[in-house]
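Novice: Chain by chain, the residues run as shown.
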Amino acid sequence: MDAASGSSTLTRDQGSFRDPGGAIYHLGNRVLRYLNRQGASDFNDLKESGLLESLLHRGSLVPTRELSVSEVPPVTDFEPALVLEHDRVPFVSYAYEWPFELLRSAALQYLDTMRVSLNFGFILKDATTFNTQFFGTRPSMIDVGSFERRVEGRPWAGYAQFCRMFLNPLLLQSKAGIPYQRWLRSSIDGITPAEVAQVLPLRRKLSRPVLTHVVLQAWLGRKLEGTPQAIKAASNEDFDIRTLRRLIDQLEHLIEGLARPGGASAWSDYEADCHYDARTISRKERFVDAALADWEPGTVWDLGANSGRYSVIAARRSDYVIAMDGDEIAVGAVTQRDHSFSDRILPLVMDLGNPSPDQGWGEAERSGLSARGPADAALALALIHHLSIAGHVPFGNVIEWLARHARHAVVEFVPLNDPMAQRLLAARFDDPSEYSLSAFEQALHSHFTVDDKEALPNTERILYAVSAR
Amino acid sequence: MFLYIDATAGGVMIQVLLGGVAGVSLVGRLIWGRIIRRPSGRDEGDLEDGVSVASEDESGI
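Chains A and B supply the protein sequences, listed in that same order. Just so we're aligned: the first sequence equals residues 18 to 486 in our numbering. Just so we're aligned: the second sequence equals residues 4 to 64 in our numbering.
Each statement offered as a hint is correct.
Output of the computed footprint for chain B on chain A, the stretches with three or more beta carbons under 8 Å from beta carbons of chain B: (1) 174 to 188; (2) 229 to 238; (3) 257 to 271.
No lab work stands behind these hints, which were simulated from the structure alone. If you're wondering where the values come from, they're calculated on a predicted model, not measured in any experiment. Each residue gets a CB set at the ideal place from its N, CA and C atoms; glycine is no exception.
Just chain B, same shape as in the assembly (with noise of 0.2 Å):
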């Protein structure tokens, strides 16, 4: 994992999408994640078509 990063979001998914479309789709699974989540209220945890995220470590970054 990472010794340093930037903890903002916006900075890296930016880097993603200009990957090409393997990122615009990550982006667009995260964003629906994200999404479909709210409503629900459930807590962020693993994500829908099996993207990964693994650990429940929410201390993060």
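So here's chain A without its partners, still in its complex pose (with noise of 0.2 Å):
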């Protein structure tokens, strides 16, 4: 589900076409759900029965409101029963870029949804993360469809997409320390037990948990796959209710027992180690308020946020944060930084110099960095040097990247003398040449206007508050 433009006119979203009882339509920032006769029929009976009262009460399902077909454009693809208004996720994201906190957070939230919908006689019928998005941290379920009547006798048909999608890469990074986000951006229908099997080390298989799901659960599909008479018969059997709350138990018991890994990363200790006295902080947080207080913005990215010091700053004064960054244990940092806007701060996992590309069939169903964009403001600091030094990003690719990207940008300009740059310089043999600080204000000016300028103290870095020309 993505947002569209500012536009009035009624589009479908282009990754809204798996769902047989209706489908997705942006009109503006409004996020529409039409629904056929077989998807009213079953949002009707979802709702008669309490289950809906009961998941919007919770907060397990993003804020859903009935209209009336009349109340809004006509489509053409199908007749319409009945559409809903869900409220508009602040910024999509994908499993592939949350930290490991929040697909755990996921992870409890859609088993605790599983509990109550059976309280309910409802299952819900698929597994799959697409279904989940972040407000802040907080996750919400974004998919009335994917709850259904559960028929008794019948076994769990989302276990194994859960086990891929959300079990297998918590257990990829937990025990074996790998992170998962490569892995599923490449993977987007998750991770096989097969796979994890492969790489988990053997006293991390041998708890009974790892070895029922991930062990015996790869052995069984290799010994069995392809063989679809004995799925057949496996499944007329009657699976008890009883047997699937033990199931569900019992992945509720183990993803909260997974912890990341310990450890610091190259930059997870970046806040400590940057070589900033409280005075340059100080005035470097001061700057970043003042300019964001002048433009007010709706949305602020901020650019390689590390740990999210900055991203605390900008909560204060915009509506919405996406704090991005490269290096996974710092964002997970984020998550555990101790402020009062988690419904406002998003913190992504995400590589600036190889962002989330389009994705899906057609290209289409999860959106790009891009495509999500532009943000109202961007933080971009103590960020271009390492995207020109170690990345061999030009400053002018950089910096017209950033200018379609944000109309307006806190830059921080970090000469090669200074200790952080000569860290990164350290893994070059070339010297690059073309990094200087007249030709780094050439390429600003060419794609923004100067708002304000500061050189800090006690440092040769110099900030910039720039406006998109």
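Bring the two chains, given one by one in their own frames, into a single complex with the hints.
Specialist: Laid out in structure tokens, this is it:
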């Protein structure tokens, strides 16, 4: 589900074609779900059972309102019987961008929602992470069409998908120390039990839950895959709801016990190691705060956010902040930061040198980073030298990209003799001769007007508050 | 039959196993049937011990 631009034309969401009950449309910034007769019937069943109200009350489902068909523009591809309006997700994101803490939170919410659904005689028929979105760090399910009446005796069809999309990535990171984001980006249907079993150390496989949900599932799959008659025979067994409840409890207990592995990354201790003294930090914070106060942005992208110090400042001056960093450990630290903006800061793992592309069927189901912009403002603090020195991207290219993705920006110039720049240069054998203050300012002036400029004390770093031309 | 099913055999079988002794027994028979079928090179079909898989519809899932 991707937000449209500010136009008032009704447009079908390009990723909305798999639901047999209807489709998502965008009308300006409104998110509308048009339901056909079957979809409307299923929704009314959900409503009349009391489950809908329970889920909305718990915050498990995105806020949803019924509209009359006559209140909204017509659609031509089917005859709608009912239209729903959902609260717009401030910034659509995907599991391959979530830090460990967010995926874990989404998994636990999914299981809790399953448990509640069973109490009302319903079940979630699928278990894809694409049905969950975040409001800050709070997960919310977005697909009312995922709920269906449980047929007594049937197995949980979404169990294997739950393992692939939620459990296995968490196990991969928690038990094998491998961050799952890059893997999931290439494999949007998730990580199979066989793949996880291959990489888990033997001692990590020996716990009963891992043996069951990973090793045994992989083995049985290998033995019986390609035997549809065997699956049908098994599916004809009577699946007791108590077994299903036990399964959910097991999975929940397993996931609650998963933690990110300890250890630091190259940049996770940046705040402590960055050579700023208290006076410098204070000046920088004031500069950022003043610039954002002047612009009054709706959405701010904190690019290279590290552990989120400036994301919190941005959250005070904006509606919503996306704290992006390529360092997964640092992004995880954002979720642990003590502040009062947990519903307005979304931490995402994003390598700006290789950001999320358009993906899925027709390269249109999941939007790349660019398609989800531009931001009203961006923070590019201690960022550009990373992209230019370590990433070998010339200033001009970085600043041109920034101008396309943000209307305003706070940008920090870091000279080559800065200790942090020297750290990056240690990995290069050549001399980045084009890297200079004059080249930087020239590139900046090509795409922005400079609203304010300040040299930071006790360093040779310079901050710029700029607005795109 | 199912309107929607995850095509992964492992996922269904784990739930069968968690169902108890009967489930363990069924899975054991299914795997045994697969094992003895392979050397003979026969196609998948009715399994032993009257475990009926009825349909020869291999479009299956």
